[in-house]
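Participant: Model the full assembly from the supplied sequences, consistent with the hints where possible.
Chains as they are written, first to last, in this note's numbering: chain A, 1 to 102; chain B, 1 to 656.
Mixed in with the good hints, there may be bad ones.
Said to hold, decoys possible - Cross-link-like lysine to any residue pairs, in silico, SDA-like; alpha carbons within 20 Å at most:
id	chain 1	residue 1	chain 2	residue 2
1	B	Lys-352	A	Lys-56
2	B	Lys-589	B	Ile-551
3	A	Lys-56	B	Asp-280
4	A	Lys-21	B	Glu-634
5	A	Lys-21	B	Ile-650
6	B	Lys-319	A	Phe-67
What the hints assert, rightly or not - Facing chain A, a subset of chain B residues (Cβ under 10 Å, in silico):
id	residue
7	Leu-158
8	Pro-185
9	Ile-275
Calculated from the structure, these hints are not laboratory results.
Nothing here was measured: the structure is a model prediction, and the numbers come from that model.
A virtual CB, placed ideally from N, CA and C, is assigned to each residue, including glycine.
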Amino acid sequence: MAEKSYNWSEVANNPKYLELKRKKRVFLFGWWIASSVYYFLLPILSGYFPELFRIKLVGVINFGYLFILSQFVVAFFVAIYYTRVANNEFDRLTEELVRDIQ
Amino acid sequence: MFIKMLPAMILTLLMTTSVLAAEPVKAAPQAVSAAAAPAQVSTPPVAGPVSAVKTPEPAKSAAAPAKVRPNRVITITMFLAIIGITLCVVVWAAKHTSSVSDFYAAGGGITGIQNGWAIAGDYMSAASFLGMSGLISLYGIDGFMYAVGPMFSFIAILLVVAEPCRNAGKFTLGDILSFRSSPKPVRAVAAISTVTVSLFYLIAQMVGAGKLMQVLLDIPYRVSVIGVGVLMVAYVVFGGMKATTWVQIIKASLLMTGTVLLALLVMIKAGLNPISFFSDIVNNQLIQDHVRMNVLKDALPKPGFDYGQRFMEPGLFLKSPLDQISLGIAWALGAAGLPHILMRFFTVPNAKEARKSIVVALFINSTFFFLINLIGFGAALYLTPQMISSVDKGGNMATLLLAQHLGGGAGSVGGDVFLAFICAVAFATILAVVSGLVLAASAAIAHDVYVNIIKDGKADQRTQVRVARITSLFVGICAIVMGLAAEKENVVALVALAFAVAASGNFPAVMLSLFWRRFNTSGVISALLVGTVSALALCLISPVMTYPQKIADDAKKIVATLEKKQAEGVVLAEKDLKALDKARADFRKNDGGTSMVGLKAPIFPLRNPGIVSAPLGLIAAILGALLFRDKRAEEMFDEIEVRQITGLGIAKASDH
Numbered sequence: 001m002a003e004k005s006y007n008w009s010e011v012a013n014n015p016k017y018l019e020l021k022r023k024k025r026v027f028l029f030g031w032w033i034a035s036s037v038y039y040f041l042l043p044i045l046s047g048y049f050p051e052l053f054r055i056k057l058v059g060v061i062n063f064g065y066l067f068i069l070s071q072f073v074v075a076f077f078v079a080i081y082y083t084r085v086a087n088n089e090f091d092r093l094t095e096e097l098v099r100d101i102q
Numbered sequence: 001m002f003i004k005m006l007p008a009m010i011l012t013l014l015m016t017t018s019v020l021a022a023e024p025v026k027a028a029p030q031a032v033s034a035a036a037a038p039a040q041v042s043t044p045p046v047a048g049p050v051s052a053v054k055t056p057e058p059a060k061s062a063a064a065p066a067k068v069r070p071n072r073v074i075t076i077t078m079f080l081a082i083i084g085i086t087l088c089v090v091v092w093a094a095k096h097t098s099s100v101s102d103f104y105a106a107g108g109g110i111t112g113i114q115n116g117w118a119i120a121g122d123y124m125s126a127a128s129f130l131g132m133s134g135l136i137s138l139y140g141i142d143g144f145m146y147a148v149g150p151m152f153s154f155i156a157i158l159l160v161v162a163e164p165c166r167n168a169g170k171f172t173l174g175d176i177l178s179f180r181s182s183p184k185p186v187r188a189v190a191a192i193s194t195v196t197v198s199l200f201y202l203i204a205q206m207v208g209a210g211k212l213m214q215v216l217l218d219i220p221y222r223v224s225v226i227g228v229g230v231l232m233v234a235y236v237v238f239g240g241m242k243a244t245t246w247v248q249i250i251k252a253s254l255l256m257t258g259t260v261l262l263a264l265l266v267m268i269k270a271g272l273n274p275i276s277f278f279s280d281i282v283n284n285q286l287i288q289d290h291v292r293m294n295v296l297k298d299a300l301p302k303p304g305f306d307y308g309q310r311f312m313e314p315g316l317f318l319k320s321p322l323d324q325i326s327l328g329i330a331w332a333l334g335a336a337g338l339p340h341i342l343m344r345f346f347t348v349p350n351a352k353e354a355r356k357s358i359v360v361a362l363f364i365n366s367t368f369f370f371l372i373n374l375i376g377f378g379a380a381l382y383l384t385p386q387m388i389s390s391v392d393k394g395g396n397m398a399t400l401l402l403a404q405h406l407g408g409g410a411g412s413v414g415g416d417v418f419l420a421f422i423c424a425v426a427f428a429t430i431l432a433v434v435s436g437l438v439l440a441a442s443a444a445i446a447h448d449v450y451v452n453i454i455k456d457g458k459a460d461q462r463t464q465v466r467v468a469r470i471t472s473l474f475v476g477i478c479a480i481v482m483g484l485a486a487e488k489e490n491v492v493a494l495v496a497l498a499f500a501v502a503a504s505g506n507f508p509a510v511m512l513s514l515f516w517r518r519f520n521t522s523g524v525i526s527a528l529l530v531g532t533v534s535a536l537a538l539c540l541i542s543p544v545m546t547y548p549q550k551i552a553d554d555a556k557k558i559v560a561t562l563e564k565k566q567a568e569g570v571v572l573a574e575k576d577l578k579a580l581d582k583a584r585a586d587f588r589k590n591d592g593g594t595s596m597v598g599l600k601a602p603i604f605p606l607r608n609p610g611i612v613s614a615p616l617g618l619i620a621a622i623l624g625a626l627l628f629r630d631k632r633a634e635e636m637f638d639e640i641e642v643r644q645i646t647g648l649g650i651a652k653a654s655d656h
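Facilitator: Rendered as C-alpha cells:
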C-alpha cells in the first residue's frame with residue numbers, strides 16, 4: 001500500500017489542528033458527560049424517589065412514563081445536534097487542516 | 001475453491017443435523033426461558049392465575065397447558081423463504097469475497113446508511129423483541145425503563161468511539177489497542193477478551209434460539225441449535241462480512257416491519273388515542289387483579305389502593321436501585337467496547353460514514369424500543385397478563401400471542417399468517433445476531449493471533465482469507481457444541497456479563513489508547529485482565545448463580561406448609577400432592593449443596609458487577625500505565641491522536 005507518510009508531531013503542533021482538537025474534545029466529552037448524567041437520573045430517581053415518578057401529569061400518564069420518553073428525545077437531540085456540528089464545523093476544520101499540510 | 005465447496009458443505013451439515021435430530025428429546029420445557037434476555041435476569045416466578053396456594057410455588061409445578069400454536073405449514077414456508085433469500089445473499093457475497101478486507105470489512109464498501117441498518121440488526125436481539133414486550137405486559141412501566149439502557153448505549157459510541165476507531169483501526173479491537181504498544185502481548189490479550197465476550201454473548205443467543213425454535217416449530221432443542229448453527233457458519237465462512245452485513249440488514253428491515261405493524265395495529269385498536277389507551281389499561285379489572293394477586297401478592301385488596309395505576313409506576317420488577325445503576329453502567333459503556341460492534345465501523349470508507357451509521361442505528365433502535373412499549377402495553381390490555389403468563393411465565397410469548405390476536409385470532413388465516421411472520425422475524429433476528437458474533441471472534445483469532453502473532457503480519461491475502469474461514473468454521477462449531485451443552489444451564493446472565501466485561505476491560509483500554517498520552521502496553525493488559533477477571537469473579541459470587549441451599553430452603557417451606565395442611569386433615573388436591581413430592585425431592589437433592597464456586601449464599605449482593613468492576617478496570621489501566629513507563633508509546637501518541645481526530649493516513653479497507 002502506497003501510504004503517504006506524515007510528520008505526525010509537526011501536524012500535532014499545527015495551530016489549526018490544536019483548534020480542531022480542543023473544539024472536538026470540549027464538545028464530545030461535554031455532551032457525553034451531560035447525556036450520561038441525564039441517563040443515570042433514570043435509575044436514581046426511579047429507585048430512590050419513586051413518589052416523583054407517580055405524579056400524574058396527563059390523564060393517567062405519570063411523570064415516570066414521560067421521563068422515560070424524554071430519554072429518547074434527549075438521545076435524538078444529541079445525535080442530530082452532533083451530526084450538524086460535525087458536518088459543518090469539524091469536517092470543515094479537518095479539510096482546511098489537510099489542505100494546509102499537503 | 002470455497003465457493004464450489006458451499007453446496008457440499010451445507011449438505012453435509014444438514015445431514016449431520018438430521019442424524020442428530022433423530023434422537024429423542026426430553027420433555028420440552030414449557031417456557032422459552034429467558035431467550036437470552038438480560039431482562040429476564042431476575043424474573044420471579046409468577047404464580048399461576050388461579051392458584052390459591054400462598055407459599056411460593058416452584059417454577060415448574062404450575063404447568064399451564066396453554067401454548068402458542070403457530071400454523072406449521074405457513075411458518076415453515078416463511079422460515080424457508082428467509083433461509084433461501086439469505087443463502088442467495090451468501091452465494092453472491094462469496095463471489096465477491098477474495099481479499100482479507102473483503103472478508104472482515106466487506107472491502108470498506110458499505111455505506112453509512114446500510115451500516116446503520118446492519119448495526120441495528122446486530123444489536124436488536126430476539127430477547128428485546130420477545131422478552132422486553134413480555135416484561136412490559138407483566139410488570140408495566142419497569143419493562144419500558146429497561147429498554148432505555150440499550151437505546152442510550154449508542155450515545156457513547158456516537159460521541160467518543162465510532163469515528164476515532166474508524167480512523168485509527170483496521171479490522172479488530174487488537175488493531176486499535178496494539179497501535180502504539182507491544183503488538184504481540186496486547187493482541188493476544190485483546191483476542192482472548194474478544195473471544196470471551198463474543199462467546200458469552202453467543203452461547204446465550206444459541207440457547208435462547210434453541211428454546212425458541214423448539215416452541216415455535218415443535219422441533220427438538222438439538223435440531224434447532226444445530227440448524228441455527230449451520231446457517232450461521234454458512235453465512236460467515238462463505239460470505240464473510242458482506243453476507244453478515246446483508247443478513248443483518250434484511251433482519252433489521254423485517255424486524256422493523258413487524259414491530260411497526262404490531263404497534264400500528266395496537267394503536268388503531270386503541271382509537272389512536274394514547275391517553276385513553278393508558279386509562280383503559282389502568283382501569284382494566286384483570287390488570288388490576290394481576291398486579292394485586294400475582295405481583296404484589298395482596299390476597300385482599302388494600303382499601304383505596306389503585307392497583308391499576310400501580311402498573312404505571314416503577315418497582316414491580318426492578319427492585320434494587322443500586323443494581324439498576326450497575327446495569328446502567330454496563331449499558332452506557334459496554335456497548336462501546338463490544339468487539340462485534342467495533343468491527344462494524346471498519347466496513348465503511350471513512351469517519352463521516354461511521355458517524356452517519358451510528359446516527360441511523362440510533363434512530364432505528366430508539367424507534368424499535370419505543371414501539372416495543374406500545375406492543376407490551378397493548379399485549380397487557382388486549383390479551384391480559386393472566387393469559388400471557390399462563391403460556392410463559394416470563395412473558396416471552398407476549399409479542400407472538402399479540403400478533404396472532406391482532407391478525408384475527410387463533411385458527412384464523414390472518415392470525416396464522418401474522419403469527420408465522422412474527423416467528424420468522426424472530427428467527428431472522430437470531431441468525432443475524434449470531435453471525436456477527438462468530439465473525440468478530442474468528443477475526444480476533446485469525447487476524448490477531450494467527451496473522452499478527454504467529455506469522456508476524458507476513459501472510460499473503462489468500463492464506464489470510466483461508467485461515468479466517470477455517471477459524472470461523474471452528475468458532476461456529478464451538479458455539480454449536482456449547483449451545484448444546486448449555487441446554488439446561490441458566491444462561492440469561494451471560495449477555496449482561498458480556499456487557500459488564502466489555503465496559504470494565506475493553507472500554508477503558510480503547511478510550512485511554514486513543515485519548516491518553518501516557519497509556520501503554522502494561523496499561524492495556526492490566527485493564528483487560530482486571531476488568532474481565534473482576535467482572536467474572538463478581539458474577540460468580542453474585543445472586544445470579546444457582547444456590548442449591550436456597551432451593552432446598554424454599555422446598556422445605558413448601559413441604560412444611562403442605563404437611564401442616566395434611567396434618568389438619570385437609571385432603572390435598574392432586575396438584576398439591578405433586579408439588580409436595582417435588583418439593584421433597586428438591587430438598588433431598590439440594591440440601592447442603594453449594595454453588596459452582598462452593599458457596600451456600602451469594603457474597604456480592606448485586607446481579608450486575610459493573611458498578612464495581614468498571615472502576616476497577618479503569619484504575620488498573622491507569623496504575624498499569626503509570627507503573628511501567630514506555631517512552632515509545634508516548635512518542636507515538638501524536639500519531640494516533642492526529643489519526644483519530646483528522647482521519648489522516650486512514651487504513652484503506654479497500655485495496656482494489
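Participant: For each hint given before, does the structure comply? Return the numbers of the non-compliant ones in rising order.
Facilitator: 1 and 8
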